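Engineer: Chains as they are written, first to last, in the numbering used here: chain R, 1 to 115; chain D, 1 to 342.
Warning: the hint list may mix true and false statements.
Said to hold, decoys possible - Simulated crosslink set (EDC-like; lysine to aspartate or glutamate; CA at most 20 Å straight-line): (1) D:Lys272 with D:Glu243; (2) R:Lys64 with R:Asp25; (3) D:Lys303 with R:Glu38; (4) D:Lys133 with R:Glu3; (5) R:Lys35 with R:Glu74; (6) D:Lys212 with D:Asp199; (7) R:Lys64 with R:Glu2; (8) D:Lys57 with R:Glu74; (9) D:Lys240 with R:Glu3; (10) D:Lys56 with R:Glu96; (11) D:Lys203 with R:Glu74; (12) D:Lys133 with D:Asp169; (13) R:Lys66 with R:Asp12; (14) D:Lys238 with D:Asp265; (15) R:Lys35 with D:Asp271; (16) D:Lys212 with D:Asp173; (17) D:Lys56 with R:Glu3; (18) D:Lys303 with D:Asp281; (19) D:Lys145 with D:Glu183; (20) D:Lys152 with D:Glu243; (21) D:Lys57 with R:Glu70; (22) D:Lys238 with R:Glu81; (23) D:Lys301 with R:Glu38; (24) D:Lys133 with R:Glu38; (25) D:Lys303 with D:Glu98; (26) D:Lys160 with D:Asp199; (27) R:Lys66 with R:Asp99; (28) D:Lys56 with R:Glu70; (29) D:Lys57 with R:Glu72; (30) D:Lys133 with R:Glu57; (31) D:Lys160 with D:Glu183; (32) D:Lys272 with R:Glu21; (33) D:Lys118 with D:Glu143.
Think of the hints as simulated: they come from the structure by calculation, not from any bench.
Computed from a predicted model, the values in this text were never measured in an experiment.
Spelled out from the first residue to the last, the chains are:
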Amino acid sequence: MEEGLITIYVEDASGARQSIEIPTDIQLSLMEVLKASEYPIQATCGGMALCATCHVEVLEGNEKYKEATEPELEMLDTLPEVMLTSRLACQMAVQEDMDGLVVRILASEDGGYGY
Amino acid sequence: MLNITEKETIHTDICIIGAGPVGLFAVFEAGLLKMRCHLIDTLPQIGGQLSEIYPKKPIYDIPGYPAVLAQELVDNLARQIEPFEPSFTLGERVESLERLEDASFRLQTSEGKEVFCKVVVIAGGLGCFEPRKPVIDGLETYEGKGINYIIKNPEQYRGKRLVLAGGGDSALDWTLYLAELAEEVTLVHRGSAFRGAPDSASKVMALADQKKINLKLNANVTAILGNGRLNACTIEDKAKNTETIAVDYFIPLFGLSPKLGPIADWNLNLDKNAVAVNTEDYSTNISGIYAIGDINTYPGKLKLILCGFHEAALMSHSAYRIVSGGKKPSFKYTTVNGAPSF
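Can you build the whole structure from these sequences, using the hints too?
Structural biologist: Here it is in structure tokens:
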């Protein structure tokens, strides 16, 4: 890992992975990074863990990264379906231990977007 | 008091689609120019996402308020626009928009109400809040025929057998409420516990202990059965044990999620699910239709409530020319003319 730079991966429906390089001092959440990278994430509430439109499944690297917060779990609880490693990307601050993280965006399956 | 009208036909100057903060404030700006407004929102209450998603969150960037709770801002806006006597249609979605011969508009809601107006203002935020639906075969077939996602009239469930699904506050609150009314309430939750309001959660657990409701934890509704109308639900637990119970209604309560909705079909110029506008007056490509607040986009757009307020002011002055048949609005400070009203 290059100093101060991490790489995360977004897996699409076909299983293909695209990498995103992020400076660790960026002070953004994963939701903001995904949005900035033009992934179709709505983030209706803007990052308050209140809408679940940034729902992602962590496919790899979950054990390294910190656990979901209580408000996040509470929000996830309202969804019809979640995975074992479901997270709200807005609650995932970009930091070093996120390096190598692989996520799949689930928001569309919740009807969070995809008009 | 809000004037929530049950009239089937409404005539007004401006019809505002969306009763969030920006839609509400547009009533004020229009009112200063003596234009009357009717507002329509899919949610059963005013305030848009402020009331629906984060009523108790403080907002720090409303000019003049060091901090204001979202719901408090909505309540204040409602008070501020009261003198302009806006009317409201709540809990209904605008389904269609039609241009009439005299260039005015006719809108129709999901419940068949008609609004005739000279100007349409789309203040729809992120779109219509629509219920999140679980993935179950044939779900759509029984919508409105035993499956409801939003509880509008609880009396409808008196003496009926209900299955509710969900683990959030609304599932808990409605379980408590309907337990009193309904013949039988079964609450199905995918998780093993409730993280919602602890008070509601413990009340639900107590009702289950007293056998006043059936509580199915670690379970999902996996199939629905019926014959023209819903009559049974199959509930499956984590161990794949299934049970099918007779019901009158299945009410999935998995929260709401915004969708652009029918606006997408009105030939407006769209840019990534937002309506492109001219920043001179926030007009769209269709004369007489404006878009303000989070639903619009233009170079430099910031999705801020305060920007939406500004857009509402400029929109109103432009709309006045249409509503008044070509007159130029006279610009007056509220400090000059005192408390405004009709």
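Engineer: Each of the hints needs a verdict: does it hold here or not?
Structural biologist: Tested hints:
Taken as a hint, the D:Lys272 and D:Glu243 pair is broken in the structure, with Cα atoms around 44 Å apart against an allowance of 20 Å. With a CA separation close to 19 Å, the supplied pair R:Lys64 and R:Asp25 stays within the 20 Å bound. Taken as a hint, the D:Lys303 and R:Glu38 pair is honoured in the structure, with Cα atoms around 17 Å apart against an allowance of 20 Å. For the suggested pair D:Lys133 and R:Glu3, the alpha carbons sit about 44 Å apart, so the restraint of at most 20 Å is broken.
Restraint check for R:Lys35 and R:Glu74: not satisfied, since their Cα atoms lie roughly 23 Å apart, outside the 20 Å limit. Taking the CA atoms of D:Lys212 and D:Asp199, the gap is near 17 Å; set against the 20 Å cutoff, the hint holds. As the CA atoms of R:Lys64 and R:Glu2 are separated by approximately 18 Å, the hinted pair is consistent with the 20 Å bound. A hinted pair counts as satisfied when its Cα atoms are at most 20 Å apart, and D:Lys57 with R:Glu74 qualifies at roughly 16 Å.
A threshold of 20 Å between alpha carbons decides the hint, and for D:Lys240 with R:Glu3 the separation of about 49 Å lies outside it, so the pair is violated. Using a Cα cut-off of 20 Å, the hinted pair D:Lys56 and R:Glu96 is violated, with the two alpha carbons roughly 33 Å apart. Taken as a hint, the D:Lys203 and R:Glu74 pair is honoured in the structure, with Cα atoms around 18 Å apart against an allowance of 20 Å. Only pairs whose Cα atoms come within 20 Å are accepted, and D:Lys133 paired with D:Asp169 is accepted, the gap being roughly 17 Å.
Proposed proximity of R:Lys66 and R:Asp12 is contradicted: the alpha carbons are some 23 Å apart, above 20 Å. Distance hint between D:Lys238 and D:Asp265 is unfulfilled; the C-alpha atoms sit about 42 Å from each other, more than 20 Å. For the hint linking R:Lys35 to D:Asp271, the alpha-carbon distance of about 16 Å falls within 20 Å, and the restraint holds. At roughly 15 Å between alpha-carbon atoms, D:Lys212 and D:Asp173 fall within 20 Å of each other, so this suggested pair holds.
Using a Cα cut-off of 20 Å, the hinted pair D:Lys56 and R:Glu3 is violated, with the two alpha carbons roughly 41 Å apart. Distance check on the hinted pair: D:Lys303 and D:Asp281 sit about 17 Å apart at the alpha-carbon level, within 20 Å; holds. About 18 Å separates the Cα atoms of D:Lys145 and D:Glu183, which keeps this hinted pair within 20 Å; it holds. At roughly 29 Å between alpha-carbon atoms, D:Lys152 and D:Glu243 are farther apart than 20 Å, so this suggested pair is violated.
Among the hinted pairs, D:Lys57 with R:Glu70 is consistent with the structure: their alpha-carbon atoms are about 17 Å apart, no more than 20 Å. For a cut-off of 20 Å, the pair hint linking D:Lys238 to R:Glu81 stands: about 13 Å separates their Cα positions. This hinted pair checks out: D:Lys301 and R:Glu38 have alpha carbons roughly 17 Å apart, not beyond 20 Å. Restraint check for D:Lys133 and R:Glu38: the C-alpha separation of about 26 Å exceeds 20 Å, so the hint is violated.
Taken as a hint, the D:Lys303 and D:Glu98 pair is broken in the structure, with Cα atoms around 29 Å apart against an allowance of 20 Å. As the CA atoms of D:Lys160 and D:Asp199 are separated by approximately 26 Å, the hinted pair breaks the 20 Å bound. Our distance criterion of 20 Å between C-alpha atoms is met by R:Lys66 and R:Asp99, whose separation comes to about 12 Å. For the proposed pair D:Lys56 and R:Glu70, the alpha carbon gap of about 17 Å is at most 20 Å, so the pair holds.
Proximity of D:Lys57 to R:Glu72 is assessed by CA-CA distance (about 16 Å); at most 20 Å being required, the pair is judged to hold. Restraint check for D:Lys133 and R:Glu57: the C-alpha separation of about 19 Å stays at or below 20 Å, so the hint holds. With a C-alpha separation of about 5 Å, the suggested pairing of D:Lys160 with D:Glu183 holds against the 20 Å cut-off. Distance hint between D:Lys272 and R:Glu21 is unfulfilled; the C-alpha atoms sit about 25 Å from each other, more than 20 Å.
Using a Cα cut-off of 20 Å, the hinted pair D:Lys118 and D:Glu143 is violated, with the two alpha carbons roughly 35 Å apart.
In terms of the numbered hints stated before, the structure departs from hints 1, 4, 5, 9, 10, 13, 14, 17, 20, 24, 25, 26, 32, 33, listed from lowest to highest.
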